[in-house]
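**Q** If you want the building blocks of each chain, they are given just below.
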Amino acid sequence: MEFATLKKDVWGREVILGASWDLLWVILALTFIGIAMHAIIAAAKKRKAAPDSSGKRIERHEKIDRIFHWVMAVSMFVLLITGIFPKIGIEFAWLTIHWVAGLLLTVITIFHIFRSIFWQNIKDMWIGLKDFKEPFDESYKPGKYSLAQKSMHASVTILTLLVIVSGIIMFALIDTPWWERTNALSEDILGWVFLIHGLVSLALVAVISLHIYFGLRPEKLFYTRSMIKGWISEHEKDENHDQEKWVVKD
Amino acid sequence: MPSYDVMPEVQLYQPTEVDDALNLAEKFRQQGWLLGGGQDTYGWLKDRAKNPTALIDLNDIEAFKGIKATSTGIEIGALTTLRDIIRNPLINDHFEILAKAAGRVASPQIRNVGTLGGNLIQDTRCWYYRRGLACYRAGGNLCYADSPEAMNREHALFNASRCVAVSPSDTATALVALNATMVIKNIDGDREMSAEDFFVGPDTHITQMTALEPGEILTGIKLSNEWSNARYYFEKIADRDVWDFALVSIALVIKEEANTVKDSRMVCGGVACTPYRLNKVEQYLKGNPLSEKIITNAAKIASQGAETLNYNHFKIPLMENLVKRALRS
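As you go down the protein sequences, you meet chains W and P in turn.
Take 0 as the starting number for the first sequence in numbering that gives the first Met the number 0 and just add one per residue.
Take 0 as the starting number for the second sequence in numbering that gives the first Met the number 0 and just add one per residue.
In isolation and in its complexed conformation, chain W is listed as follows (with noise of 0.2 Å):
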């Protein structure tokens, strides 16, 4: 199996094409058998009682958080449709909706950096060394937010940062309304960035793949209603939180 495709360059040199899209099988494959494993796991573990969603609600997202969320949701199946269909044999006139939507997630992206810098405790999302306790020891509670999901936002993070810079220099490839495209880049080089771009997009297929599975898991629902209605109850909070580690503003 390989990474990449290779070609000839216009010097009869050989370069790298892009990613290998064999690949996406291998993902998809791959992320399949280990959301499988995880349910049986996780079917065969005794569950406890799922905490009380009556009574006092905290507030978990801000609904400008929410609306960043679900944006960045839509903006992000919109480019892996819009980029992976074509290549599976799906044709349709993918790419102005692809580089529209990767413009909406840039801008969305970059008002995210900015939020979580001078608005957001950006701390919460931290990883430090004590968080690695937590699958260890059940009764270690994760501040806001838990191991898992600030392993997915970082995953997240380093994913979208790269598939977003690389795409940027591959928008500068193509005419737009605000210019015409450049052919300045070697073909070796625009190989590399289609080789990033491609396989950040596979690794997002299994990342978001994972993000969804949890996002439903029974146990895991009541973040999803937060991310929907901003709120999870207190005895959520409580039964899932350290409450000296997560202090919720009145």
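Do not take every clue at face value.
[Said to hold, decoys possible] Partner residues aside, some chain W positions facing chain P, computed with beta carbon under 8 Å:
hint, residue
1, Lys6
2, Ile89
3, Glu90
4, Trp245
What the hints contain is simulated information worked out from the structure, not anything from laboratory work.
Heads up, the beta-carbon is just placed ideally off N, CA and C, and yes, glycines get one too.
Model the placement of chain P on the given structure of chain W, informed by the hints.
**A** Only chain P this time, still in chain W's reference frame:
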């Protein structure tokens, strides 16, 4: 890229029945090369720019040849040679524009063996692509023709999406003007589609010129009587009078009533990846007399939206003048 001047090793199949041909097309799919007159085949293969494993020679299938009248018009087998089309009385009596367009293809020798189907589904003549470079059209990640130093005087003005190559077919413009229907077969049956939809642009299908999928064969072209005996005009401008591809061509069919345009279809070749239908011009002409002012305006409308490359600006006045000449004819 070296030209070997000899054929590469390839399995040759010569089916005589339609079903055998369809089974072979399905069996080999992308690895099978459908052979008609061979005029767009041997160059690719000798240059090793395309490397099919099987050559499926369709020339022994009589069902794919000939021109016959039907209750609604005429039907032309895809394997009918261009010479037969040029000389056919049915076509000359009812759809002379097609004979005229076929008569401007390449050279007499090529028209003797070249087929209508082959002329329609031939690949683009972009020389970067033809040279075997891994451009967008060849599945790569860039266009060599759209760069500041590229030789692109033959390339597209309209509807380019990454690839700027143009459709090289002369008969395609005439058939789109005549609102022809393409008959396509595969092992599961037949499907028909309009000529306009048959040719596809790079925004949806960057590696192919037509809607033909692997395993499918273009078997025939139907012309309905809708545009039979309509006034027509066809002109092709090329660097040479024979054996050359269009820089710009125009095909017009037009119906007039009481000195005004009742209906028309106007199609330009050599300006887009597909035969480029001038819909706005057709709408503008409808109900108008063909006065000099209307003709001048129509020519301006025709070139609206053109996006030039470094060396193909000349195609805009060429196209506008062809529109004028077509309407004045």
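**Q** Now, for every hint given, state plainly whether the structure supports it.
**A** To see whether the hints hold, each was checked on the structure:
no.	hint	verdict
1	Lys6	holds, 4 Å
2	Ile89	violated, 10 Å
3	Glu90	holds, 5 Å
4	Trp245	violated, 47 Å
Checked against the numbered hints listed earlier, the structure breaks hints 2 and 4; every other hint is satisfied.
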